[in-house]
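Number of protein chains: 2
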Amino acid sequence: LKELEFIKYIKGKFRYRKPVVKGIGDDCAVVSRGKGTYGLFTADMLIEGIHFKKNTPPFFIGRKAMCVNISDIAAMGAKPEYALISVGASRKKGISYLKGISDGALAAAKKFNVSVIGGDTNASPVTVINVMMTGSVEKKNLITRSGARKGDCLFVTGVLGEGNKRHLTFTPRLREAGILARNFRISAMIDLSDGLSMDLNRLASESRVGARVYRSLIPVREYSERSIENAIYAGEDFELLFAASPRESRKIIKSISGKNGLNASLIGEVTGKSGGVRLVKEDGSSEELKPRGYSHF
Amino acid sequence: LKELEFIKYIKGKFRYRKPVVKGIGDDCAVVSRGKGTYGLFTADMLIEGIHFKKNTPPFFIGRKAMCVNISDIAAMGAKPEYALISVGASRKKGISYLKGISDGALAAAKKFNVSVIGGDTNASPVTVINVMMTGSVEKKNLITRSGARKGDCLFVTGVLGEGNKRHLTFTPRLREAGILARNFRISAMIDLSDGLSMDLNRLASESRVGARVYRSLIPVREYSERSIENAIYAGEDFELLFAASPRESRKIIKSISGKNGLNASLIGEVTGKSGGVRLVKEDGSSEELKPRGYSHF
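One line per chain: the protein sequences are Y and V, in this order.
Here this note's numbering is used: the first residue of the first sequence is 4, the next is one more, and so on.
Here this note's numbering is used: the first residue of the second sequence is 4, the next is one more, and so on.
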């Protein structure tokens, strides 16, 4: 996992000065704005051949670049504000390709109330797009990756394992994150960009806890070995994984079953760090859930 | 000039809501922070084969990515605050390559007092780096591209035409921009990333004015046809081009000639829009200075 190794290296190099509250290691960087508000910053880069195909229509490239950043902002319980878009594309693609990318990005920005305020276009041998996004959240509503405590319940929104089909058309869970941040005390949250195994390990590592996830509780479209494997390892679902105390969890579960309820499922629990991150199989035996999945390095 | 065509398209699509003061079309986007401060946002993407070579040492890639953004912030009279770095590189390059890029970026960040608070790493067939940077400036000190007025004098800092040699090692003119913003009323400013011809046309277009630049006044290391051509068209100098009223210009010129003086040269004047953007040759005749130079599309 060279990406994790690199992040460790990078983290060691940084000394944040006030008012930086959180830097590398969460969905967004967090900066205090004084009074009761935090400002959030996040950036995600999508590259041809890695995050989309050579023949992916440009509209969906722009849309995805915007939505993955909205998902990062949502994962901290915040609302997006501004975005800057940098695009690199081959000279051969022409202006209609660039327009397609920006139309897709602007459509998503409009839907989720993001103000696109700048950007940059470049010639590039492969298509690459970077969106940087800011957000804001009331201090009391900020949710990080590092607040999970032993005894908490673990939930995910929606259905997992569909990233392969939906990674260009998914809906970032901004609405759900807002409901969670405003109505419940959520201990920790992360968006599932690289698969449950990778992102649960990230959340556990940042919170210095262990976790147990029950294979039979993982929400999939249709039950099969293959779909469970995809749910755990395949990534690009952009659903939310979150933890809450047993007391809050009872309220959350009530809300799930109610009308206009939250589309979420209980999948496991938070344990002590020494327990590690484990997957409990249908027969009750368990195995280590290694942070395997989509790694860029 | 497809990039300009695209920027026009994109500008037409945007409706800014308060507190966005400036969006696409300047070095940075500008957002009011209330009280007396503007927040600035800018992003620049560098791509292998376009902005650096396949064999450019990674340290200099990271350094350049940071410095071009600092230059954009400086061009508005502001100070940089935070940066987010997104990097894409081949899996084959390994972790030492990524470390080299981040070491270069962090060295520049430290030197110019920028706080790197986040980022993203990805696999990519070619090396690509995007830095997004925020800055801040007192409202009264903000300098845009659009404030040049007929009769203003035009200046550039430093020496032009050296971009080819210095684009990996240049010093962003943050100190000079600070001196200008705090001590003089500067009507308009832009950093010279794409060459004098391109960037002067941008400044003139945003200010709705014309301009005359005197070929014999353009500061070059050693006078030759070739070096003057490079100064006008070659780009990547990252010096500052700025305009000031005749009254302010007298003060600026005094400061240039004084001890610890500003390293800047008077190169021409601002005219009415109908005059167009012109280059006055050594024999007194003049020609249109077309926005030719480094265009990515």
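Just to be clear, a hint being listed does not mean it is correct.
Identical chains share a label here; the pair holds if one copy fits it or two copies do between them.
[What the hints assert, rightly or not] Derived BS3-like pairs (lysine-lysine); straight-line CA-CA distance at most 27 Å: (1) K96 / K11; (2) K38 / K153; (3) K276 / K168; (4) K38 / K143; (5) K276 / K11; (6) K254 / K102; (7) K293 / K142; (8) K96 / K56; (9) K95 / K11; (10) K56 / K95; (11) K56 / K142; (12) K102 / K11; (13) K38 / K82; (14) K293 / K257; (15) K82 / K57; (16) K96 / K57; (17) K82 / K56; (18) K11 / K114; (19) K293 / K57; (20) K102 / K284; (21) K95 / K284; (22) K82 / K284; (23) K95 / K82; (24) K153 / K293; (25) K262 / K57; (26) K102 / K257.
Please keep in mind that the hints were generated in silico from the structure rather than gathered at the bench.
The hints, checked one at a time:
1. K96 / K11: between (38 Å within a copy, 18 Å between copies)
2. K38 / K153: neither (32 Å within a copy, 44 Å between copies)
3. K276 / K168: Neither. Shortest intra-copy (35 Å) and inter-copy (53 Å) distances fail the 27 Å Cα cut-off.
4. K38 / K143: both (11 Å within a copy, 24 Å between copies)
5. K276 / K11: within (19 Å within a copy, 55 Å between copies)
6. K254 / K102: neither (46 Å within a copy, 46 Å between copies)
7. K293 / K142: neither (33 Å within a copy, 51 Å between copies)
8. K96 / K56: both (14 Å within a copy, 22 Å between copies)
9. K95 / K11: Between copies only: 20 Å across, 39 Å inside.
10. K56 / K95: Answer is both; intra-copy 17 Å and inter-copy 21 Å each pass.
11. K56 / K142: neither (39 Å within a copy, 45 Å between copies)
12. K102 / K11: between (38 Å within a copy, 11 Å between copies)
13. K38 / K82: both (17 Å within a copy, 23 Å between copies)
14. K293 / K257: neither (32 Å within a copy, 67 Å between copies)
15. K82 / K57: neither (32 Å within a copy, 39 Å between copies)
16. K96 / K57: both (11 Å within a copy, 23 Å between copies)
17. K82 / K56: For K82 and K56, the Cα distance exceeds 27 Å both inside one copy (30 Å) and across copies (39 Å).
18. K11 / K114: between (36 Å within a copy, 23 Å between copies)
19. K293 / K57: Classified as neither; 31 Å inside a copy, 35 Å across copies.
20. K102 / K284: neither (48 Å within a copy, 39 Å between copies)
21. K95 / K284: Classified as neither: same-chain Cα gap 51 Å, cross-chain 37 Å, threshold 27 Å.
22. K82 / K284: neither (37 Å within a copy, 55 Å between copies)
23. K95 / K82: neither (37 Å within a copy, 38 Å between copies)
24. K153 / K293: within (19 Å within a copy, 67 Å between copies)
25. K262 / K57: neither (43 Å within a copy, 58 Å between copies)
26. K102 / K257: neither (45 Å within a copy, 48 Å between copies)
Consistency note: the structure conflicts with the earlier hints numbered 2, 3, 6, 7, 11, 14, 15, 17, 19, 20, 21, 22, 23, 25, 26.
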